[in-house]
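Heads up: the sequence lines are chains A and B, in that order.
Using this note's numbering, read the first sequence as starting at 10 and increasing by one per residue.
Using this note's numbering, read the second sequence as starting at 11 and increasing by one per residue.
Note that these hints are calculated values from the structure, not bench results.
No experiment lies behind these values; they were computed from the predicted model shown.
Each hint should be verified, as a subset may be incorrect.
[Said to hold, decoys possible] Examples of chain B residues toward chain A, derived with CB under 7 Å:
(1) ALA33
(2) MET168
(3) ALA171
(4) GLU173
(5) LEU179
(6) ALA181
(7) SER182
(8) LEU192
(9) PRO197
[Stated by the list, open to error] Which chain B residues stay away from chain A? Per the calculated CB distances, all over 12 Å, these:
(10) PHE124
(11) GLN185
(12) VAL186
Don't be surprised by glycine CBs; every beta carbon is placed ideally from N, CA and C.
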Amino acid sequence: MTAEGRAASVQIERVTHRYGAMAALSDIDLTIGQGEFVTFLGPSGCGKTTLLRIIAGFLRPSEGRVLLQGADVTAVPPHKRPVNTVFQRPSLFPHLDVGENVAFSLRLAKTPEPEIKRRVADALALVRLPGYERRASHELSGGQMQRVALARVLVARPRVLLLDEPLSALDLAIRLEMEEELRRVHREVGATFLYVTHDQREALALSDRVAVFNRGRIEQIDRPERVYRRPATPFVARFVGDANVVPVDVTRAGGGETSIAIGSERILRRFPQSPEPGPAWLVLRPEALLLSEAAPRAPGIPGIVRDFAYRGSGYAYRIAVAGLGEMLKAEVPAVESGPFAIGAPVDLAWDISACLFLRRREG
Amino acid sequence: MESTLRSPFSGAITIASLVFLIAPLAVVVLFSFHETASLAFPFTGFSLRWYRAVFASPSFLNATLNSLIVASVSAIATLVLGVMAAFGLSRSSSALRGPLALLFFLPITLPGLFLGLALLVFFSRIALKLSLVTVTLGHIVYVFPYFLLIAKAALDRMDSALEDVAADLGASPWQVFWRVTLPQIRPVVIGATSLAFALSFDEFVITFFVIGSQSTLPLYIWSSMRRTIDPSINTISTLLMLVTLVMFAVAFALTIRKDGMRAEVGR
């Protein structure tokens, strides 16, 4: 699964990790290319941080192997691995100033003094804190602290950088700014970045590939566009971006048309590639739904507006469809006709190119 | 800050308590400067004659030297043992952690009399001759739990994520300890060592059991009181109190101020 033409930087082979009887990770296989930016995305408790700690060496997997640059490091302690981690909290050493924090790994490696000085200055310049060497760490803002933490790992020129939700403790404005910085730093240093987050927006914005974790497994790993547009499972569809994931029944109708049963409604469509007959999940992004006034011979299925909220760029509706357990979410651009009132009957239609069917097992 | 407890009644109680606690000490200090041999009021005039007399006494100087040696050695030994034990108790994930901590803290709950007797029996069993060595060993047993309690609290309070960060940056466990852990708890460790020194310096009961033929300062005071009572006792007590107070003040300042700083940084 390596992106083409890249040497493997990190290989995870059949890694399983158990806490007592509970499996935090089940049989993970993953290969990450040199210089790739890969995000582990998932809700809390999905195993993404566990895998990162296994790669860093803080956890020993119950089963499986971890290879870095082709060498098996499964039994190697963290301080002997060629990876460095930026943690959720900056955790700067309070007894050292900014410069000595950044110089920490170089001092351990007994780097000559002039080189330490130069590399610390370079690392601080890279994170846009030039000349901050003599500052005390507690004088810095949260964003600056996290930049110093980043400089502290970059100074060692790691081949693989692990980032464990490094932005989650920061304010939104600083977070957006730091995302840009991370993309720039990644381009400039060329190291492999493994980034853990539960924020799908961050994952889409930063990564070459996104691995979506759920219950200790990777549900899908692909480019952000593919994960968003072609989710492999209902979980991925719901977790990455907003989506209606509704149970439908697909049957072949005459004349090349396909019949889709949604709740107690039924529509006929002609697909370029007709979906497999049988029970399925229909994935519809809220922005793909079109609303119009209910009318006889309308193209879609009838529904009733149950709620709406103004979102600036448009309206977010919740629409009840007869026989369907959950309401459909629709995001409609603001138009001259104004919003539909709560209780109004509407016609709900969508373009067939926006439809995605996923296999559904009964029960 | 206006306290709701500020009534004339509670103020009076506070003053009465302080007088009750401090007055006997003040009297001791005052009469150490008395110009006559009288230990009772009226106080007739100041003089340093008892201080001169005390410092001219070879047995006083010998006892003081013994006390300083015992307190220094037991404080330093406690420092080394205590930091190691505290680190183990605070960072290990062993199931033995709880029971071990209980064992380590047990001597605090034992009466000094019991500890002294037990040590005496133990030393005679292993045929160790009673001397300053046995006194030092006894003092280590006595002060160790206090040191451990303080050092372990400091380690527990410390952000252990710093140790993960250091390991991640390439520090071996030994380097993590010297470069990150110890600097974080250094003031508290120095404070707890001062406390250990102070506790050992004026310890009497255990010393009394295990000392053999030599003497320490508290023992010297006790034995001279059995002979005569003159202001030189007050002088020695004042000196003893001074050393103890200074060490306690150091311990207090270092262990408490560190907490204040942490609160200020906030997290």
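Taking the hints in turn, this is what the structure says about them:
The beta carbon of ALA33(B) is not positioned within 7 Å of any beta carbon in chain A (closest approach about 44 Å), and the interface hint is therefore violated. For the restraint placing MET168(B) at the interface with chain A, the shortest Cβ-Cβ distance is roughly 10 Å, beyond the 7 Å limit, so the hint is violated. The beta carbon of ALA171(B) comes within 5 Å of a beta carbon in chain A, closer than 7 Å, and the hint placing it at the interface holds. For GLU173(B), the interface hint is violated, since its Cβ never comes within 7 Å of a Cβ in chain A; the closest pair sits about 9 Å apart.
For LEU179(B), the interface hint holds, since its Cβ comes within 7 Å of a Cβ in chain A; the closest pair sits about 4 Å apart. Because the beta carbon of ALA181(B) sits about 6 Å from the nearest beta carbon in chain A, less than 7 Å, this interface hint is met. For SER182(B), the shortest C-beta to C-beta distance to chain A is roughly 6 Å, which falls under 7 Å, so the interface hint holds. At a threshold of 7 Å, the smallest CB-CB gap from LEU192(B) to chain A is about 10 Å, leaving the interface hint violated.
The interface hint given for PRO197(B) is violated, since its Cβ lies 10 Å from the closest Cβ of chain A, which is over the 7 Å cut-off. Interface exclusion of PHE124(B) from chain A stands, the closest Cβ pair being 42 Å apart, more than 12 Å. For GLN185(B), the shortest C-beta to C-beta distance to chain A comes to about 6 Å, within the 12 Å cut-off, and the non-interface label is violated. The claim that VAL186(B) is not at the interface with chain A is violated, since a C-beta of that chain comes within 12 Å of its own (minimum 8 Å).
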